[in-house]
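Number of protein chains: 6
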Amino acid sequence: MKAVVKVGGFAFPGRGEDLVSDYVKMFRERVGEDHILVVAGGGEIARLYIKAARKMGVPESLCDHIGILVSRLNARLLVDGLSEYAFPEIPVNIDELKHYFSSGKIVAMGGLTPGHSTNAVAAIAAETIDADLFINATDVEGVYTSDPSKDKTAQKLDEVSVGRLGEILSKVEISAGAYELMDPLALRIIQRSEIPTVILDGRSTSNVVKALQGGKVGTRLTHG
Amino acid sequence: MKAVVKVGGFAFPGRGEDLVSDYVKMFRERVGEDHILVVAGGGEIARLYIKAARKMGVPESLCDHIGILVSRLNARLLVDGLSEYAFPEIPVNIDELKHYFSSGKIVAMGGLTPGHSTNAVAAIAAETIDADLFINATDVEGVYTSDPSKDKTAQKLDEVSVGRLGEILSKVEISAGAYELMDPLALRIIQRSEIPTVILDGRSTSNVVKALQGGKVGTRLTHG
Amino acid sequence: MKAVVKVGGFAFPGRGEDLVSDYVKMFRERVGEDHILVVAGGGEIARLYIKAARKMGVPESLCDHIGILVSRLNARLLVDGLSEYAFPEIPVNIDELKHYFSSGKIVAMGGLTPGHSTNAVAAIAAETIDADLFINATDVEGVYTSDPSKDKTAQKLDEVSVGRLGEILSKVEISAGAYELMDPLALRIIQRSEIPTVILDGRSTSNVVKALQGGKVGTRLTHG
Amino acid sequence: MKAVVKVGGFAFPGRGEDLVSDYVKMFRERVGEDHILVVAGGGEIARLYIKAARKMGVPESLCDHIGILVSRLNARLLVDGLSEYAFPEIPVNIDELKHYFSSGKIVAMGGLTPGHSTNAVAAIAAETIDADLFINATDVEGVYTSDPSKDKTAQKLDEVSVGRLGEILSKVEISAGAYELMDPLALRIIQRSEIPTVILDGRSTSNVVKALQGGKVGTRLTHG
Amino acid sequence: MKAVVKVGGFAFPGRGEDLVSDYVKMFRERVGEDHILVVAGGGEIARLYIKAARKMGVPESLCDHIGILVSRLNARLLVDGLSEYAFPEIPVNIDELKHYFSSGKIVAMGGLTPGHSTNAVAAIAAETIDADLFINATDVEGVYTSDPSKDKTAQKLDEVSVGRLGEILSKVEISAGAYELMDPLALRIIQRSEIPTVILDGRSTSNVVKALQGGKVGTRLTHG
Amino acid sequence: MKAVVKVGGFAFPGRGEDLVSDYVKMFRERVGEDHILVVAGGGEIARLYIKAARKMGVPESLCDHIGILVSRLNARLLVDGLSEYAFPEIPVNIDELKHYFSSGKIVAMGGLTPGHSTNAVAAIAAETIDADLFINATDVEGVYTSDPSKDKTAQKLDEVSVGRLGEILSKVEISAGAYELMDPLALRIIQRSEIPTVILDGRSTSNVVKALQGGKVGTRLTHG
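Chains as they are written, first to last, in this note's numbering: chain A, 41 to 264; chain B, 41 to 264; chain C, 41 to 264; chain D, 41 to 264; chain E, 41 to 264; chain F, 41 to 264.
I should point out that these hints are in silico values taken from the structure, not numbers from a laboratory.
Check before you lean on any hint, since a few could be wrong.
Remember, identical chains collapse to one label, so a pair may be satisfied in a single copy or spanning two.
As the list claims (entries may be wrong) - Straight-line alpha carbon distances no greater than 16 Å define the calculated EDC-like cross-link-like pairs of lysine to aspartate or glutamate that follow: (1) Lys250 - Asp74; (2) Lys95 - Asp58; (3) Lys91 - Glu181; (4) Lys256 - Glu199; (5) Lys91 - Asp58; (6) Lys145 - Glu124; (7) Lys42 - Glu124; (8) Lys95 - Asp62; (9) Lys256 - Asp187; (10) Lys250 - Asp198; (11) Lys256 - Glu73; (12) Lys42 - Glu69; (13) Lys192 - Glu181; (14) Lys196 - Asp179; (15) Lys145 - Glu199; (16) Lys190 - Glu124; (17) Lys256 - Glu181.
Could you build all of it, start to finish, from the sequences and the hints given here?
This is the structure:
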């Protein structure tokens with residue numbers, strides 16, 4: 041099936057040196073089963089550069105932009121690791137995204153434009169290629185009723201409606217490199233095109249495989 | 041001063057054949073006073089093409105993309121009309137935006153990426169160039185307490201906080217070509233960088249001039 | 041067979057909202073039979089924008105350029121409607137034209153350079169890909185002995201030599217958006233490479249199919 | 041004044057190794073007086089490559105394209121020789137042409153699109169930048185009543201109407217690398233915008249200087 | 041097998057008008073056997089332009105750059121001659137190189153960056169695509185113990201270690217268009233990735249075929 | 041004066057978060073005195089990504105390429121920090137380098153092509169813009185008679201001929217991210233154009249200022 045997998049920055053250098061090769065291995069193994077478009081997040085290295093930029097008074101949009109460049113660097117690592125299984129160039133706009141994906145190869149990309157997260161990019165990509173599934177591979181186990189790091193009574197949800205997820209996330213502040221789980225724009229895209237979406241724990245690639253195979257894992261978004 | 045002016049699609053062919061030359065004339069006259077970056081909306085022609093696309097089952101992101109192409113066509117008309125006062129190329133990403141604006145000439149542009157309105161683009165542009173003012177020239181008189189076309193008791197506001205504007209607009213559905221006044225992303229950008237913003241009636245260019253000259257017109261957004 | 045089909049602006053929004061989806065449907069159905077490169081004209085929307093530009097004193101070359109942008113917008117609509125049957129990007133030079141066509145997918149494009157019509161572009165494209173047939177789908181029934189809208193005795197020709205067609209068209213004035221049937225450059229290209237060419241009534245896609253199937257329709261150009 | 045100077049291929053390597061540095065010297069000396077856009081022709085090297093291409097059965101449009109690449113190589117030599125007086129990049133489309141020329145520096149360019157000569161490119165450039173003068177520097181003394189290499193009674197004309205020039209040139213065959221003086225497209229552009237045009241003997245740069253200074257030299261085209 | 045063939049400038053117009061079509065014929069015949077990436081040198085025409093540039097005081101890096109443009113022109117001739125067997129665009133960076141080669145078609149390219157020869161480019165290309173063989177087709181019979189044009193006792197070597205070749209070549213001066221056999225950078229790339237490399241007499245394409253078929257010809261580089 | 045400053049990767053995030061803002065401050069202060077082109081190295085982050093790539097078996101050229109992307113990220117941080125003093129885009133080829141530098145603004149860039157270090161890029165840049173000085177800001181005090189980290193008797197040199205420096209460095213192995221001081225290609229460029237060059241300790245920006253002001257610092261390369 042056609043799937044968009046958003047792989048959070050935790051799986052890339054600065055934190056996930058080994059995880060990135062796990063992802064490469066897994067994506068290679070899915071060739072023939074799934075046609076995958078990967079969107080890489082920025083992660084630690086993005087935060088490092090953005091911190092340096094902010095200290096010099098760089099505007100938020102340009103901090104976002106630096107984060108985008110790091111996410112593309114992460115995508116480049118995937119492309120190089122995937123070798124002949126990946127399309128060799130990284131799309132930086134919608135036309136290129138469609139062009140490269142039409143090659144039948146795995147496409148890896150990072151962010152597109154300041155102002156929104158790579159989650160939103162992944163949602164737009166899923167809408168554009170009419171994906172059968174959008175997997176958001178994060179470093180938490182799924183969606184909780186509240187922030188589990190602050191609230192001990194927080195419960196993991198197996199399913200959540202897009203609307204309720206929006207409410208849960210509505211308190212998250214917007215600043216470059218600090219988007220969590222899904223930003224509002226990602227949710228609106230998922231909602232308007234009713235994109236089948238799963239948020240799962242991507243610290244182990246087996247969860248992603250499970251979702252690709254139709255298994256129950258993480259939190260599934262419901263529409264309507 | 042450095043100003044971003046978002047000119048809605050109503051000022052371009054399909055509806056505003058004469059208005060576009062008014063804007064060109066006005067922008068020429070502001071040279072020396074203000075350094076202006078214009079963001080053009082899509083308008084009637086965008087809606088016409090998007091309607092044709094939707095009838096053929098084109099995904100929403102690609103409908104957005106068609107709208108972006110029309111907004112760039114509108115920007116092109118401004119550039120050609122402004123002649124030597126405008127930078128001859130239209131930026132399609134943040135690097136080009138900064139590059140072209142650094143020439144000291146008027147820059148005109150359209151949309152950037154599917155998923156958000158040209159209002160959000162204008163907010164990102166304002167943040168990027170550290171604009172002194174962001175003018176959203178619309179085809180209504182400003183912000184109302186509710187939709188004035190449906191609610192006779194709706195009152196125009198001279199000032200509104202970004203938070204309250206978000207609430208007023210929160211019922212607006214998201215679909216290509218149908219964004220109104222400010223989409224949520226635009227509001228978040230305005231908020232995070234506290235961009236001085238005015239929403240005004242752009243059907244007469246004199247309102248824009250008034251705002252550029254620091255006069256009271258339309259609805260001013262307040263921060264904090 | 042390899043065929044270039046020039047689809048006049050009459051088949052696109054502003055006049056041909058329904059016709060464009062007929063063309064999309066027909067091109068999809070020809071996949072497997074023919075490998076098609078479509079060149080879209082500018083049409084009503086081009087004329088609308090060019091009129092606005094001329095009123096502001098924009099030079100003719102730049103008016104041509106605006107017409108080119110509209111023709112690419114029309115091509116975009118075809119590409120989006122054709123979905124996976126079309127190459128996702130629109131060529132803007134000869135290298136891209138060859139590149140995209142070599143994918144085996146349908147390629148849609150608009151104009152290339154100011155100074156000549158999309159008919160000339162279509163002729164150049166036909167020469168470049170060594171097309172078996174160049175179909176010029178217009179909104180008239182074919183070539184007449186004189187302008188049928190002005191001369192009641194004008195007769196439709198089933199065949200005409202390139203030389204004679206040149207004479208018939210020699211009175212047409214050159215101005216952006218006003219090219220008719222074939223401009224002189226298109227004729228010279230057709231002539232120098234003896235490109236098999238048919239001018240037909242494209243207001244019904246069945247005529248195009250007929251020509252692709254080798255049937256007699258419209259006016260066939262003869263060489264030598 | 042703003043002037044477009046078309047410098048024929050005779051002034052570039054393969055034939056004009058010394059002439060090219062004369063042109064560079066002369067253009068440097070005109071800085072401050074004139075703002076010049078140079079269009080380079082292809083010349084001997086273009087013919088050499090096109091001959092090799094034709095022998096391999098390459099289509100005419102692609103032969104044209106090879107000629108364009110050589111003309112850009114010639115333009116590159118001018119740019120490098122002009123050093124800080126020239127804009128460092130060579131425009132390959134109308135937007136870049138306007139962008140680079142707006143820098144105030146000398147712009148050098150070659151061909152744009154298959155199907156027409158660099159004379160037509162120069163005419164389009166002159167129209168685009170609203171040039172005060174278009175000088176076509178050729179390797180003949182001007183326009184003759186007929187081909188002076190074949191007809192001993194041929195007389196050089198000091199002035200000629202665009203219409204009559206068209207008639208004189210109408211027998212010239214169109215094939216890549218073989219355009220002479222002015223191709224039909226160049227004439228139509230000159231005519232539609234009444235571009236002040238001089239055809240002169242560019243084997244000595246002093247003729248070009250004379251024309252730039254408003255002197256009588258070569259053949260002046262007349263309108264109306 | 042995957043092979044990179046560097047074809048020296050001697051095989052292109054200015055000296056090798058016929059040889060280039062031999063190469064085109066040979067490469068067409070190898071389709072199905074080998075997947076070839078060709079790197080074209082600059083040759084006589086490069087030297088001609090560089091000489092003209094040097095006379096005008098153009099810096100060495102820009103002279104290199106002119107040589108690169110000529111090598112791309114030579115690559116273009118190969119691409120056009122190879123027609124549907126070649127990828128229609130010429131890579132100008134590593135991403136494009138991988139992209140175009142992944143199409144399965146023959147890729148032809150020229151230089152990339154000032155400062156090193158097209159031999160180095162070919163070595164980098166061979167490393168990038170993990171080539172099974174790198175053939176350097178020169179206009180000498182292989183590597184000699186010293187310069188055979190100056191030293192009558194020079195002996196052709198059937199094998200030579202990369203280290204010793206470096207010593208033999210160490211006296212060659214570096215200047216645009218004057219690189220011989222292998223520049224130091226090419227040798228370092230060959231060495232670091234132990235690329236199987238043959239230097240042979242490319243004035244006859246049969247030698248290249250022999251090397252592709254695993255035969256003994258020219259001089260083979262040895263590692264370790 | 042026109043100066044190229046190569047700033048090693050030690051001055052960028054991963055190691056030099058504070059140093060980068062020192063450089064930004066210093067470059068701003070030199071505006072009006074010097075016209076500077078900065079070439080950023082890759083540093084720790086480059087090494088981190090290259091290590092991850094090597095573990096997945098990525099070819100050396102592509103490891104180099106990843107290093108180039110990181111060096112451009114570092115250049116981006118400089119550009120954003122320098123704000124209106126820097127040209128907003130980062131050159132990726134020689135034409136862009138000249139174009140952006142001709143704006144009169146500070147230009148920051150990273151690597152260009154696999155196979156050689158950013159030192160070589162800086163040398164090529166210095167040659168291209170005809171720089172008055174090339175400063176290589178490293179994290180050692182200058183050139184030593186041997187490797188000071190291994191040889192206690194190593195002595196710092198105030199001057200060294202390019203030839204002797206080549207000998208000192210000749211034992212350095214070539215591998216992505218491991219180039220030291222000057223790679224052989226950089227030396228050859230410096231030599232062929234006799235570029236005035238200083239290697240100094242860039243861990244304090246005051247050394248760079250000293251060199252720009254003509255003071256004695258680090259090791260000066262001598263020619264002839």
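**Message:** When Cα atoms must be at most 16 Å apart, do Lys145 and Glu199 count as within-copy, between-copy, both, or neither?
**Reply:** Result: close neither inside a copy nor across copies, 31 Å intra and 41 Å inter.
**Request:** If the cutoff is 16 Å on CA atoms, where do Lys190 and Glu124 land: within, between, both or neither? Let me know, please.
**Result:** neither (44 Å within a copy, 42 Å between copies)
**Request:** Tell me, please, which holds for Lys250 and Asp74 at an alpha-carbon limit of 16 Å: within, between, both or neither?
**Result:** For Lys250 and Asp74, the Cα distance is within 16 Å only inside one copy (12 Å; across copies 40 Å).
**Message:** With identical chains, the pair Lys250 and Asp198 could be close in the same copy or across copies; at 16 Å between alpha carbons, which is it: within, between, both, or neither?
**Reply:** within (14 Å within a copy, 55 Å between copies)
**Prompt:** Is it within, between, both or neither when you check Lys196 against Asp179 at 16 Å Cα-Cα?
**Reply:** within (14 Å within a copy, 46 Å between copies)
**Copy assignment of Lys192 with Glu181, given that the CA separation must stay at most 16 Å** = within (15 Å within a copy, 49 Å between copies)
**Prompt:** For the identical chains here, do Lys256 and Glu199 meet the 16 Å Cα criterion within one copy, between copies, both, or neither?
**Reply:** The answer is within: 10 Å in one copy meets 16 Å, while 50 Å across copies does not.
**Prompt:** Using 16 Å as the alpha-carbon threshold, which applies to Lys91 and Asp58: within, between, both, or neither?
**Reply:** Classified as between: cross-chain Cα gap 11 Å, same-chain 25 Å, threshold 16 Å.
**Request:** Could you place Lys145 and Glu124 in one of the four classes (within, between, both, neither) given a Cα distance threshold of 16 Å?
**Result:** Both, since 8 Å and 14 Å are each at most 16 Å.
**Message:** Reference check for the pair Lys95 and Asp58, CA-CA at most 16 Å: within, between, both, or neither?
**Reply:** between (31 Å within a copy, 9 Å between copies)
**Request:** Indicate which option fits the pair Lys95, Asp62 if close means a Cα-Cα distance not exceeding 16 Å: within, between, both or neither.
**Result:** between (35 Å within a copy, 12 Å between copies)
**Item:** Within, between, both or neither: Lys256, Glu181 at alpha-carbon 16 Å
**Value:** within (13 Å within a copy, 51 Å between copies)
The earlier numbered hints that this structure contradicts are 3, 9, 11, 15, 16.
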